[in-house]
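K.L.:
Here's the letter readout for the chains.
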Amino acid sequence: NAGVTQTPKFRVLKTGQSMTLLCAQDMNHEYMYWYRQDPGMGLRLIHYSVGEGTTAKGEVPDGYNVSRLKKQNFLLGLESAAPSQTSVYFCASSLAGTGGHQPQHFGDGTRLSIL
Amino acid sequence: AQSVSQHNHHVILSEAASLELGCNYSYGGTVNLFWYVQYPGQHLQLLLKYFSGDPLVKGIKGFEAEFIKSKFSFNLRKPSVQWSDTAEYFCAVTGNNRLAFGKGNQVVVIP
Numbered sequence: 003n004a005g006v007t008q009t010p011k012f013r014v015l016k017t018g019q020s021m022t023l024l025c026a027q028d029m030n031h032e033y034m035y036w037y038r039q040d041p042g043m044g045l046r047l048i049h050y051s052v053g054e055g056t057t058a059k060g061e062v063p064d065g066y067n068v069s070r071l072k073k074q075n076f077l078l079g080l081e082s083a084a085p086s087q088t089s090v091y092f093c094a095s096s097l098a099g100t101g102g103h104q105p106q107h108f109g110d111g112t113r114l115s116i117l
Numbered sequence: 007a008q009s010v011s012q013h014n015h016h017v018i019l020s021e022a023a024s025l026e027l028g029c030n031y032s033y034g035g036t037v038n039l040f041w042y043v044q045y046p047g048q049h050l051q052l053l054l055k056y057f058s059g060d061p062l063v064k065g066i067k068g069f070e071a072e073f074i075k076s077k078f079s080f081n082l083r084k085p086s087v088q089w090s091d092t093a094e095y096f097c098a099v100t101g102n103n104r105l106a107f108g109k110g111n112q113v114v115v116i117p
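Chains Y and U, in that order, are what the protein sequence lines are. If you're matching positions, the first sequence starts at 3 in the numbering used here and goes up one per residue. If you're matching positions, the second sequence starts at 7 in the numbering used here and goes up one per residue.
Keep in mind the hints are simulated off the structure, nothing from the lab. Treat the hints with care, as some may be off.
Said to hold, decoys possible - Lysine-lysine pairs mimicking BS3-like chemistry, simulated, CA-CA at most 25 angstroms apart:
| no. | chain 1 | residue 1 | chain 2 | residue 2 |
| --- | --- | --- | --- | --- |
| 1 | U | K64 | Y | K11 |
| 2 | Y | K59 | U | K77 |
| 3 | U | K109 | U | K77 |
| 4 | U | K109 | U | K64 |
| 5 | Y | K16 | Y | K72 |
| 6 | U | K55 | U | K75 |
In this text the structure is predicted, and so the values were computed from the model without any measurement.
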């Protein structure tokens, strides 16, 4: 089982460029998440999805958009990249839960640098 | 908003020493509690979880955590650490479809 796969693993962008990070999971999980990890800040939730066709804002959604057109894929888009978006991005997925989120399975991360 | 506090962000200790990492949360309702570990250069992995039942939870690699509802805490412990426990540890709390991670504890174990 591949679990949660993120592509690309590394990317360097110039300010103002756009790009899409792809997350794919093969565990038939309902919930999917995008986080950014910055030194001393822990993981901060950007957006998440509780099912195909649904998305919701997390803690730091500004500057990002997401789409969940297929259950197994969760895309994170940066329309106009800014240096403040330099970070390591993690995707995660989990089973659906009642009243609370289930344990999450994480991808290996995407290291993104904005010049 | 729900928040999670982890203290002592950087911990350095010798092999065989005991480890305890604190986690406090602010949410007052029913919660699910997690500890995740991130080894250098790797993704986060689940260490242990608490949903209900016995408040003392045992996880992988000899770790355990105790849920104390009255103190809104879920502290992680290991009686005797190894060099391979060098990692960053994150506490996470969910409830009412909200989810929050703490800022992490960077633990370095010296051989």
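K.L.:
If you check each hint against the structure, which ones fail?
P.N.:
Checked against the structure, the hints that fail are numbers 1, 2, 5, while the rest are satisfied.
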